[in-house]
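Trainee: Residue strings, one per chain:
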Amino acid sequence: MINKIVRDMAEAMQGIADGSTVLVGGFGSVGQPDALIEALIEQGATDLTVVANNAGTGRVGLARLMELGRVRKIICSFPRSAGSVVFEELYKAGKLELEIVPQGTLAERMRAAGAGVPAFYTPTGYGTLLTEGKPTAEFNGTPCVLEKALQGDVALIQAHHADRWGNLTYRRSGRNFNPVMAMAAKLTIAQVDEVEPLGTLDPEAVVTPGIFVSRVIRVPLAAG
Amino acid sequence: MSETSFTPLSRKDMARRVAQDIPEGWYVNLGIGIPTMVADYVPLEREVVFHSENGVLGMGPAPGPDDADAWLINAGKQQVTLRRGGAYVHHADSFAMIRGGHLDLCVLGAFEVAQNGDIANWATSANDTAPAVGGAMDLAAGAKRLWVVMEHTTKDGRPRLVESCTYPLTAMRSVRRVYTNLAVIDVTPRGFEVVEMAPGLSFDELQAKTGAKLRMTEAA
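Chains as they are written, first to last, in our numbering: chain A, 1 to 224; chain B, 225 to 444.
Looking at chain A on its own, in the form it has when it is part of the complex (with noise of 0.2 Å):
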């Protein structure tokens, strides 16, 4: 029997090495897996490049994990935003490594990893800073940036519902970078509001199937 259900954060964290490219979902505080965060900051794996589109807030969750200095590198769209502290502190003091993506370009390089392909081009960037040094071709008189797959080490991702075959459905906006932080790493984690039983989802509705789902633990939402 198939039962990709955890029962414990100790469980769902199990593996997770030193060194990891950890792709984290979310968008702003909407669909992000804040037990995750937590139970990795609680796991100990250090040297970690982190994959998110904003690099943290406050000094909670993903800010407290790199306070901890247990980031070596952040990947992101959005680094500066109102209250992220943490990163211009760290980043100042030439303690964190930064990679700017193109929002787009980031979510393409991650569903690109997933789907196999190692690279693509896009126009997105061309002539900017951010592209500097990369490899340029022209397609139909469209100048583009060569952009390479961006694969995790794990995917920490928050979903709506899940079953035991680890199919998940998303929450309105809560959906973002989830599926596609789920397809592109290597052992996918995703924390969910509901485990329903096997057979119980709508096939149309759900978005990630178990395909690309490692491990599932149920987090209820807050009481209100």
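If you are wondering where the hints come from, they were derived from the structure by calculation, not from laboratory data.
Treat the hints with care, since some could be wrong.
Unchecked claim - Quick list of in silico lysine to any residue cross-link-like pairs, SDA-like style, CA-CA up to 25 Å: (1) B:K301 with A:E88; (2) B:K368 with B:D317; (3) A:K95 with B:P355; (4) B:K301 with A:T57; (5) B:K301 with A:S214; (6) A:K92 with A:A82; (7) A:K73 with B:A350; (8) B:K368 with A:E138; (9) A:K134 with B:K301; (10) A:K95 with B:S349.
On the provided structure of chain A, position chain B as indicated by the hints.
Mentor: Showing chain B alone in chain A's frame:
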């Protein structure tokens, strides 16, 4: 040259002016700032479908106190609503809409626009080492047309419409039209062409506040 008397458009009036030009049926992405306000001036009965980078197509106005939903935000991280007919997608599909040329229009703010359509809107200098680009480069390169809405000059009076951008570029040769508090200006193969001016403003006064050569559009 004596200054004539004219009234620059307010931020709201600039948003309203952009909204006038968006026809029913277009799929439109609005950037942060004045562009976001454009949606307030497109009446609901004119069916324009607003897109948000974080996977919302068919975005509606801000919720009232009774229908607020923490799971439904826009790219500016403000709570929004979904119109009837709206849909949710993931980030790669959302940016496929942008990068695949499916959006009829994107409206962005900018620091500078050059006469060849170059836009600079994400970093204030090459030394700003950690600016936030978000989806600006994807939108500027990918939408069918890019309009910019911005003040005509900086706070200290320097032109934002220029011969070539001094700030780091967001995209090359992509702006079609610029709406400022003083004028509506098309970017054409011949350079900037003035479509309309704030009432009471003379062409010479507008030229004096612009960093590149202007001409009147033939249609005007």
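Trainee: Could you run down the list of hints and mark each one as holding or not?
Mentor: Verification of the hints:
no.: 1; hint: B:K301 with A:E88; verdict: holds (20 Å)
no.: 2; hint: B:K368 with B:D317; verdict: holds (17 Å)
no.: 3; hint: A:K95 with B:P355; verdict: holds (17 Å)
no.: 4; hint: B:K301 with A:T57; verdict: holds (13 Å)
no.: 5; hint: B:K301 with A:S214; verdict: violated (30 Å)
no.: 6; hint: A:K92 with A:A82; verdict: holds (16 Å)
no.: 7; hint: A:K73 with B:A350; verdict: holds (21 Å)
no.: 8; hint: B:K368 with A:E138; verdict: holds (19 Å)
no.: 9; hint: A:K134 with B:K301; verdict: violated (32 Å)
no.: 10; hint: A:K95 with B:S349; verdict: holds (22 Å)
In the structure shown, a violation is registered for the earlier hints numbered 5 and 9, in ascending order.
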